[in-house]
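Participant: Chain residues, written in single-letter form:
There are 4 protein chains.
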Amino acid sequence: MIIVLKPNISKKDEAAVLKEIRRLGYRPHVMRGVARTVVGAIGDERTHRTLEVLSSWAQVEQVMPVQKRHKLISRDAHPENSTVSTRNVVIGGSKFQVMAGPCSVESEKQLLTTAHAIKKAGATILRGGAFKPRTSPYEFQGLGEKGLKLLAKARRETGLPVITELLSEQQADLVAEYADILQIGTRNAQNFQLLIAAAKTGKPVLLKRGLSMKIEEWLLAGEYVLAHENPHLLFCERGIRTFETYTRNTLDLSAVPILKKETHCPVVIDPSQGVGRADLVTAMCKGAVAMGADALLIEVHPNPTEAWSDAAQQLSIDGFGRLMDELKPFIAAAGRE
Amino acid sequence: MIIVLKPNISKKDEAAVLKEIRRLGYRPHVMRGVARTVVGAIGDERTHRTLEVLSSWAQVEQVMPVQKRHKLISRDAHPENSTVSTRNVVIGGSKFQVMAGPCSVESEKQLLTTAHAIKKAGATILRGGAFKPRTSPYEFQGLGEKGLKLLAKARRETGLPVITELLSEQQADLVAEYADILQIGTRNAQNFQLLIAAAKTGKPVLLKRGLSMKIEEWLLAGEYVLAHENPHLLFCERGIRTFETYTRNTLDLSAVPILKKETHCPVVIDPSQGVGRADLVTAMCKGAVAMGADALLIEVHPNPTEAWSDAAQQLSIDGFGRLMDELKPFIAAAGRE
Amino acid sequence: MIIVLKPNISKKDEAAVLKEIRRLGYRPHVMRGVARTVVGAIGDERTHRTLEVLSSWAQVEQVMPVQKRHKLISRDAHPENSTVSTRNVVIGGSKFQVMAGPCSVESEKQLLTTAHAIKKAGATILRGGAFKPRTSPYEFQGLGEKGLKLLAKARRETGLPVITELLSEQQADLVAEYADILQIGTRNAQNFQLLIAAAKTGKPVLLKRGLSMKIEEWLLAGEYVLAHENPHLLFCERGIRTFETYTRNTLDLSAVPILKKETHCPVVIDPSQGVGRADLVTAMCKGAVAMGADALLIEVHPNPTEAWSDAAQQLSIDGFGRLMDELKPFIAAAGRE
Amino acid sequence: MIIVLKPNISKKDEAAVLKEIRRLGYRPHVMRGVARTVVGAIGDERTHRTLEVLSSWAQVEQVMPVQKRHKLISRDAHPENSTVSTRNVVIGGSKFQVMAGPCSVESEKQLLTTAHAIKKAGATILRGGAFKPRTSPYEFQGLGEKGLKLLAKARRETGLPVITELLSEQQADLVAEYADILQIGTRNAQNFQLLIAAAKTGKPVLLKRGLSMKIEEWLLAGEYVLAHENPHLLFCERGIRTFETYTRNTLDLSAVPILKKETHCPVVIDPSQGVGRADLVTAMCKGAVAMGADALLIEVHPNPTEAWSDAAQQLSIDGFGRLMDELKPFIAAAGRE
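Residue numbers (the numbering used here), protein chains in the order written: chain R, 1009 to 1345; chain F, 1009 to 1345; chain C, 1009 to 1345; chain X, 1009 to 1345.
Only chain R is shown next, with the shape it has when bound in the complex (with noise of 0.2 Å):
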């Protein structure tokens, strides 16, 4: 921590404050500015911020962390990329992937024409929720286990790996027995019970970025996954909250290159909740592939006006298809297959 201290404080304030920082288990240095008298407070202090009170005192003006509270996660721990496998599907390698599927499992029928047709389209894992959050109480709240069993069955009949939402610490284990890869949605991205009964499943974790989180905020809760010892984890931007309301969210492609400096995990997209207009997503696809993002996460519909939720924002099979043919020259310009 870095301690700087008002101007013209007391010989005896200031000698308080150093005793204070010896008192926490910190070694203090004084440094002597022009205007100002700075402290170092040499110690680990990702561990605990007890130092982080001097704040309050009458003579301090500022207090300043200087470590990364991240560690498992960091580049600087694993500075490689990772990849996250499934069934023969590598996130993070050299070939992009692209998620696709409805927003909400509805029936057989719905879920097996969206698996089998962006199959056919290009995409590499079939996505479908079966527990949904949902702001209202009143709404459509997903098909639960039936939901997963349906995804399981389009795992069957395609052979694409299915990835789902997760809600609930109590469901777990029966997510994880139909999943092969669990969705942490934006609403539990700092519900750590949740981040940690994820992990303990082994399977991949998908951890989409909470609606106001920081990006050092983002980190940590992946350091959740990690300090649980499940390093099959993945990123996922899908918009923060912002004061513009144009868009559903504000898709901050900027985490594509600021993860892949901070992180090793690989990065994916979510376009469809990041702006929540079908019409503007091709155009941030594109951006999120030139960007260097590793997958995307889209929401395609066999009929979006039909839709039990999230309509809006769903793609219609045929405009998923024009969408994988227009990707590809930039795939390719990102140096991807």
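There could be a bad hint or two in this list.
The list makes no distinction among identical chains, and a pair is therefore deemed to hold if it is satisfied within one copy or across any two copies.
As the list claims (entries may be wrong) - Mimicking SDA-like on lysine to any residue, the simulated pairs with C-alpha atoms at most 20 Å apart in a straight line are:
hint, residue 1, residue 2
1, LYS1222, GLU1069
2, LYS1014, PHE1148
3, LYS1027, MET1039
4, LYS1211, ASP1287
Note that these hints are calculated values from the structure, not bench results.
Following the hints, position chains F, C and X against chain R.
Facilitator: Same frame as chain R, now just chains F, C and X:
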């Protein structure tokens, strides 16, 4: 729903919209304006919002909901203020209530010292975290059940009811066994499974606002509690995330009159989390009291510099005493006891 | 500045940083911590911030300024509260002041009616816009000089000093000829040329906070006024832009204690712009008074439904009278007249 | 406008709303729904928005505008893409354009070195600030007219057209005398007087997005330029202010497809201001190109560590050359030259 059509679309495109509205179970009502044609879709839009899909149709400019989505929680449903009672303490009545205590329960001595001191200063409910959600997996995660037992002991000694945070569905019964009010924290404000589990215990639930939760979303999260047959709900504003970095969060005091207008449930303000700096807490409390809040939730620690979490924002016992004195004229001015 | 080096960099890379620090006119001071080496760069960082370039160097993790950048406006420079006086009205003293009047000056009758009514209700300064910044070029842009003349007439009739907005450098002298206080609006809060032009008139300047202005930026914008030799500065919080859509803006009342701590200038709150809804204005005013604001700026119109701008947020004359009555106990509780 | 009435209001209260709608020059059209009565107010709402006042009436729940407020700038008004030309450079056509140069003009040598180097690397327009808006009054404010003369000299030597920022209405003619494109910066994006002054010079205007400007507000600010008879308008996204602190701003690349949909004007992306870190600029540029931007605006300095402003975000000349090479395959994939 109101559907605004684009200008100069063909009769055929307009007819397709009307047909779809009918197919989805609504009755269309056409209104021709100067520059736009607007269609009202008549029907109950609370149970499904499928008409929103029309926003992705080429001939549609905008789709706007007209119904509020919250019901039980609404002042329309319950015009009088509701109150929440626990062990002779009534929140939302004529008496202004103060919940105070340490961020985390750390030891018997720390907790009992605080409990006796805040009672003496006039607080009526004891707060303290036994399960702590922490941004980093390497930070202190709370004493767990041992912390709950200490809270129960403090209640026996002081008679103060106890509020503490619930982090996991699996611990709902355990926490409810010891606590008088269950707190749902900001990171779990849309963890609907946790809300349902808390509701089912039958104990009063204090629902903190999510970091980037709109008022409407917050009301609907509260609706989950009432819809699961627990009417004992408290809303607690604790700061939202904005661009400002001077304070930890931006305490949105306008939530007080807004909640009072939209809902019948009592309103609690947490200035400690809201600003994250003990030196600003007093002013925020005065504002909250003057604006009509029913209670405050304040972090107090016998020695803030030794706190194991959130040290910078906890008041000392002396500081809390001074705060309680300074609040008196404002509580009187607000017509409370 | 504090420069945090990456872990495990070479001696040569470290030496390059030290050399650059020296070249830029600072003296480096090295502090070796457990996980990081930190370098303090000693020198006055207020006049140039070139060290920030180091943040783009490969071996540097972070660059953190330690000095506050505001000077004249700081409480360090002027420990006592300063006051701003105009025509016998003192803002920032023991008397709480209320500025009120219509959003736009629309006609002689509208303005004089309002002026007499607000004076009777206890307001001490008359507000009214003659030059109006409007989001769309097709909206009413204000009466211009004719509006200024009406304001002057209202002042002659009531004795109330007048505050009005200045939009253009070229009109600074014109507006200063008629107005007692020049208002800089939120859209121009970092229009430094306008701030300088306003400062040079010598009249008191009320500086509204920009829609997404951090406290530090606001203080520095105010510093432009004092640096151009005009000490008569008022800060006015009027709501910041956040994700919330229920209110027009989020009124950040924490600005009151923060400004009181950082600067000696008086603090004004504008609840009308802050929430944009007349039905919430009273509660916001009570909060502002309780938290230590020095004055309020309130929109009042003899017939809000006929207002030519911002109709939804203007109080009626009766509503303003009731507000003034309701504020009395809070003004007393805050120790003001 | 659509006016949503509260449920269960009296006939008399409803009649009052209808009467007011008529009085304000609109024709009311009543639509009775399941839970709410909705009134459409038929008339042109672009010139006055007085109906919004109804939102403060007790019997009204919500007032919603249905018309878009921008006209000349809309794709409805001009379905084809428009282009902006200056000295043989066409922005918005088939050729992708790159504007590059230093944040501030500092000296003849600095500027000419940069100008020649960026031209060689493929840039087609030279940027450089002569008048600089600075957060603090104590920071370097630009060379002023001397800077403009150096830009003109660089243009003579290289043939590159020049873009530079205009800060003051009073300098509009001066800056237009030297510059080929006038830039309106983010802090002045709603300084309408400056926009009008820039429009009146007849030179192309590049309008940066304000820090917290919604798309609609940005379009309306652009409308000011076209409404003052200057059709040569460029929109430039340069990052919005969010809660994230890792980057200086959040570059909102979704602005590219949104602007392409709503308006006919060319779209420019400024990644240097957008992220504020040179190490992220390349990835952001790739995204912008892939998503359909017409041009980039990039800060380049012969020696970034010596820059007098914004050092951390400027590319070196070598870095810029590498960027231009890396962009080629993406420009080709986007179907541009």
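Participant: State for each hint whether it applies.
Facilitator: Checked hints:
1. LYS1222 to GLU1069: between (24 Å within a copy, 17 Å between copies)
2. LYS1014 to PHE1148: neither (56 Å within a copy, 26 Å between copies)
3. LYS1027 to MET1039: The answer is both: 16 Å in one copy and 19 Å across copies each meet 20 Å.
4. LYS1211 to ASP1287: neither (34 Å within a copy, 34 Å between copies)
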